[in-house]
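Here is what each chain is made of, one letter per residue.
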Amino acid sequence: MAKMTIQDKLALLSDAAKYDASCASSGTSKRGSRDGTGLGSTTGSGICHAYAPDGRCISLLKILMTNYCVYDCAYCVNRASSNVLRARFTVDEVVWLTTEFYRRNYIEGLFLSSGIIKSSDYTMEEMVRIAEKLRAGGFRGYVHLKTIPEASPELIERAGLVADRLSINVELPTDASVRSLAPEKDPVGIRKAMGKVRLTKEDYAERSFTGRRRAKFAPAGQSTQMIVGADAADDATILGNASRLYGAYGLKRVYYSAFSPIPDSSAVLPLIDPPLMREHRLYQADWLLRFYDFELGEIVTRDAGGMLDLDVDPKLAWALANRDRFPVDVNRAEKAMLLRVPGFGTKIVDRILKARRQGALGLEDIRRMGGRVKAARAFVTAKGHHPSGALDAADLRARFVKPKQMELF
Amino acid sequence: MYAPRLPRLGTEPAWRDAARRLAAVRPADIDWGWEDADAAFFADPLPEAPTDLTVPKAFPGLVRPLLSERSGRGFALAHALLHRLQAQRGLLSSRADSDVAEAQRIAKEIRRDIHKMHAFLRFREVDAPGPRRAFAAWFEPDHRIEEATADFFVNRFGDMDWRIVTPEVTVTYRDGALDLVATDSLRPEAEDPLEQLWTTYYSNIFNPARLKVDAMRAEMPKKYWRNLPEARAIPDLIAGARAATLKMQQAGPTQPAPQSLRRPARPEPEPAMPDTSPDLFGAPDLPTLAREVEGCTRCPLHAPATQVVFGEGPAAARVMIVGEQPGDREDIAGRPFVGPAGQLFDEVAQAAGLDRGDCYVTNAVKHFKFVQKGKRRIHQKPATSEVNACNWWLGQELRAVDPALVVAMGATALHALTGKGAGLLKRRGGVERTKDGRPVLVTVHPSYLLRLPDPEARARETEAFRRDLARIPDLLAA
Ligand code: SF4
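Keeping their order, the protein sequence lines are chains B and G. Count the first sequence with UniProt numbering and you get residues 1 to 409, in order. Count the second sequence with UniProt numbering and you get residues 1 to 478, in order.
Hints were generated in silico from the structure; no laboratory data involved. Careful: at least some of the hints might be erroneous.
Said to hold, decoys possible - Result set (DSSO-like, lysine-lysine): computed pairs, CA atoms no more than 27 Å apart in a straight line:
| id | chain 1 | residue 1 | chain 2 | residue 2 |
| --- | --- | --- | --- | --- |
| 1 | G | LYS373 | B | LYS30 |
| 2 | G | LYS373 | B | LYS335 |
| 3 | B | LYS216 | G | LYS108 |
| 4 | G | LYS375 | B | LYS201 |
| 5 | B | LYS252 | G | LYS426 |
| 6 | B | LYS335 | B | LYS354 |
| 7 | B | LYS347 | G | LYS435 |
| 8 | B | LYS185 | B | LYS252 |
| 9 | B | LYS374 | G | LYS108 |
What the hints assert, rightly or not - Far from chain B, by Cβ distances over 10 Å, these chain G residues were calculated:
| id | residue |
| --- | --- |
| 10 | ARG20 |
| 11 | TRP34 |
| 12 | GLY61 |
| 13 | SER93 |
| 14 | ARG95 |
| 15 | GLU125 |
| 16 | GLY176 |
| 17 | MET220 |
| 18 | ASP346 |
| 19 | GLY357 |
| 20 | HIS379 |
| 21 | GLN380 |
| 22 | ARG399 |
| 23 | LEU425 |
| 24 | GLY437 |
| 25 | ARG460 |
Unchecked claim - To spell it out: a stretch of chain B is covered by chain G in this simulated footprint if at least three of its residues, at any positions, have a beta carbon under 8 Å from a beta carbon of chain G; those stretches are:
| id | region |
| --- | --- |
| 26 | 12-25 |
| 27 | 92-103 |
| 28 | 164-170 |
| 29 | 186-195 |
| 30 | 272-279 |
| 31 | 346-356 |
Keep in mind the model is a prediction, meaning the values are calculated, not measured. C-beta atoms are modelled at their ideal positions from N, C-alpha and C, and glycine is treated no differently.
Using the sequences provided together with the hints, build the complete structure.
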């Protein structure tokens, strides 16, 4: 076979990386290069430098170091038994691509992942070397390393000292699914590795607090990803697992990735269209759990078979099922209850709390502040507004459900 | 009538100066504008600035973006707010006010414009005379944001020389010096060989099975496309997406790659459940037990926990310390007694003349039991059924270590060791018998001390705990 060009490799190894949902480049330590001795800076919330036609943000050069892999995870395009073409970047190629793309303002940095070659430690060390080389060359952009769970603690520590974020994928919502679809992966080992990252980060935070050591360990924290729709786990199981992960390992984010058909697929998995709406609802529910003080049992109920409502968002679904808690008076209600009004986000609620000190608010005022009044109106009273019968209307739910569109092709 | 005209560059200080002088003037009496736009007719000279002008903290942040607004409306609005603030200090927090709302809306639009320039500007490499590499970019912002965006690029591309050209301004950064000139320019025709690689990346990172064109357009409106090299690929990507997905689905599963069938078979995983029949030929050894317990599923606690936390210490230890169960930190670290209660235990034990390294320390239950409260994991007392299930492991440890003395810390440990845990405080300090006849010293769990809110009571109880532990040498000698 003719030698692959860097363009061939890039095509192959970015294609193989696209199933990882994470693209964030946010929340890391402040860095810049105005001193002229290096390249790059970081911003608080990161930047999306382009959007792909799938609507996803492109912020990082997201590639695999190699798509060779000794594992055989059924859902993965790179599994050992797949017939895809294989390629491997050298350390220098990745460093070159990252900095050249960065210089042209295409990206915020690198998200490097890899198939497992030879051994976990060998693979992890090659990845760490890439990040170390970038940093040694003066690169101050964002680096996210996918960590191999079985890698030795020393390598995880080295990784955290050069990367902004580390992530370890839990892969699937339950241990049983991991064991059946990713037979070589060990769910307990994955959790232990996430625990190791948390402990090491805490260790460094303490040490720098006492002033003895200033190095930062993975300043943008750790994240993980769960594939949704490749096994039978329901939403309650998925969200329950996610909140445990947030709690136990201090994760910044749990990414939900709708299982999507892959080329050269394995016989054990369905080639369905990816459940994108379900993925979207899971993100919304995840948000409610983390920032709106909802309890898991309020969002996914036994009655609904542990699944989120696909037609309406989880907050609206809760409001529709708990109409006796409404209407909420926007001029009097406590913050916790305002946060439960459909159409009001945390920002709007803060603005309402501030603005209402200056005088009673009507719906028009709230619309001006950016509240989605259309969603809220049936659930609130405001100056000059009362929902009267709207709350009891039998068709209230129907009003929010978009008619199903025919697929257009 | 006043008619301040503001320069294309240096706009902010010029506005600030004019606005200070005009703070007391009614907005209706001022006609704000750009120098390079419409000229002013009957303009009066601006008054002197008052010395005592103050603004709330939020004011500069809200007003700064407005000064890049292309039509000049931003100047007037910024002044109107300044003027009204003199009488109404709380004005800015009232988003329902129509001036404030308009200012917020325009500021948001400008911030978006700035953000999109940070995001969508593309550099191309050009010939460099000196040792630093040189790049140039063309960008067409909606508003007059060149000054507002320059620092971002200075801080990001500090080790290269670059030029950003817009239809109205040229920003040059050479050898660390920034220079802005207001001059008209036309869009250049240029290429960079890296653009092809970048487009390759853009096309391959896209997942055709997830086509969502509207979402892309909302964030990357078409007006930017002509200056984005990768955007040339978009029409083909969209057109081919459905076909690509269908092809994957219709192709169906394929045969495993031949080389993968030659992979060495993985060793069988350890059986999940250990053999629970009693070992008739002597005690099991600790390393074997530690390996076996990892697969334990005797009770539901194994599922949500990170890992099992087995006991630790010398196999020949004469003292075995038994606590309740691992906590948050033990669960993460995989070792017993490393959390706050463990640290307190270490301290008190040391004060009592006991060396933890000489003891075997373990828990009655080997998995962390908790409930999730928001982001925190709150410790839960294990149920009797769980303590009983886990007793099998404690029994194995007792047999393997064969200690001369066991210390039960807290009711759960006492229950696990003796079969009944009630009345701990009445029983503490006493020596009882385990189910298999070993002496057990009864004391409290250090987490009990940590929970006492009253410092005096805590000191008293800690001292009592120390006295309990200090008896260990005597009991061993007896
Ligand atoms: S707590 Fe004990 S009995 Fe329950 S699963 Fe863990 S080791 Fe087994």
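Against the structure, the hints:
As the CA atoms of G/LYS373 and B/LYS30 are separated by approximately 31 Å, the hinted pair breaks the 27 Å bound. For the given pair, G/LYS373 sits about 19 Å from B/LYS335 by alpha-carbon distance, which is consistent with the 27 Å threshold. In summary, the hint linking B/LYS216 to G/LYS108 is not supported, as the alpha carbons are separated by about 34 Å, beyond the 27 Å threshold. For the hint pairing G/LYS375 with B/LYS201, the CA-to-CA distance comes to about 17 Å; that is within 27 Å, so the pair holds.
Restraint check for B/LYS252 and G/LYS426: the C-alpha separation of about 47 Å exceeds 27 Å, so the hint is violated. Distance hint between B/LYS335 and B/LYS354 is fulfilled; the C-alpha atoms sit about 11 Å from each other, no more than 27 Å. Distance hint between B/LYS347 and G/LYS435 is unfulfilled; the C-alpha atoms sit about 60 Å from each other, more than 27 Å. Of the pairs offered as hints, the one joining B/LYS185 and B/LYS252 holds, with about 23 Å between alpha carbons and a cut-off of 27 Å not exceeded.
Between B/LYS374 and G/LYS108 the CA atoms are separated by roughly 22 Å; this keeps the pair inside 27 Å, and the hint holds. With a closest Cβ-Cβ approach of about 27 Å to chain B, G/ARG20 is found to remain outside the 10 Å limit, as its non-interface label requires. At roughly 28 Å from the closest C-beta of chain B, the C-beta of G/TRP34 stays outside 10 Å, upholding its exclusion from the interface. Residue placement check: G/GLY61 keeps its beta carbon more than 10 Å from all beta carbons of chain B (closest about 14 Å).
With a least CB separation of 5 Å from chain B, G/SER93 falls inside the 10 Å interface cut-off, contrary to its annotation. With 10 Å as the threshold on Cβ separation, the claim that G/ARG95 sits away from chain B is violated: the shortest Cβ distance comes to roughly 4 Å. For G/GLU125, the shortest C-beta to C-beta distance to chain B comes to about 8 Å, within the 10 Å cut-off, and the non-interface label is violated. Residue placement check: G/GLY176 does not keep its beta carbon more than 10 Å from all beta carbons of chain B (closest about 5 Å).
Separation of G/MET220 from chain B is inadequate, the least Cβ-Cβ distance of about 4 Å not exceeding the 10 Å criterion. No Cβ of chain B approaches the Cβ of G/ASP346 within 10 Å, the least distance being about 17 Å, so the stated non-interface status holds. The beta carbon of G/GLY357 is kept farther than 10 Å from every beta carbon of chain B, the shortest such distance being approximately 22 Å. No Cβ of chain B approaches the Cβ of G/HIS379 within 10 Å, the least distance being about 12 Å, so the stated non-interface status holds.
Here G/GLN380 stays apart from chain B, with its beta-carbon at least about 13 Å from theirs, past the 10 Å limit. With 10 Å as the threshold on Cβ separation, the claim that G/ARG399 sits away from chain B holds: the shortest Cβ distance comes to roughly 26 Å. Non-interface call for G/LEU425 relative to chain B: holds, since the shortest CB-CB distance, roughly 32 Å, exceeds 10 Å. Against the 10 Å criterion, G/GLY437 stays outside the reach of chain B, whose nearest CB is about 36 Å from its own CB.
No Cβ of chain B approaches the Cβ of G/ARG460 within 10 Å, the least distance being about 31 Å, so the stated non-interface status holds. Counting residues of the region 12-25 of chain B whose CB lies closer than 8 Å to any CB of chain G gives 6, so the stated coverage by that chain holds, three being the minimum. Evaluation of the coverage hint for the region 92-103 of chain B: fulfilled, as 4 residues show C-beta separations to chain G shorter than 8 Å, against a requirement of three. With 0 residues carrying a beta carbon less than 8 Å from a beta carbon of chain G, the region 164-170 of chain B misses the three-residue requirement, and the given coverage is violated.
Requiring three or more residues with a Cβ within less than 8 Å of a Cβ of chain G, the coverage given for the region 186-195 of chain B holds, as 5 such residues are present. For the region 272-279 of chain B, the stated coverage by chain G is satisfied: 3 residues place a CB nearer than 8 Å to a CB of that chain, which reaches the threshold of 3. Taking a C-beta to C-beta cut-off of 8 Å, the region 346-356 of chain B contributes 3 residues in contact with chain G, enough for the three needed, and the coverage statement holds.
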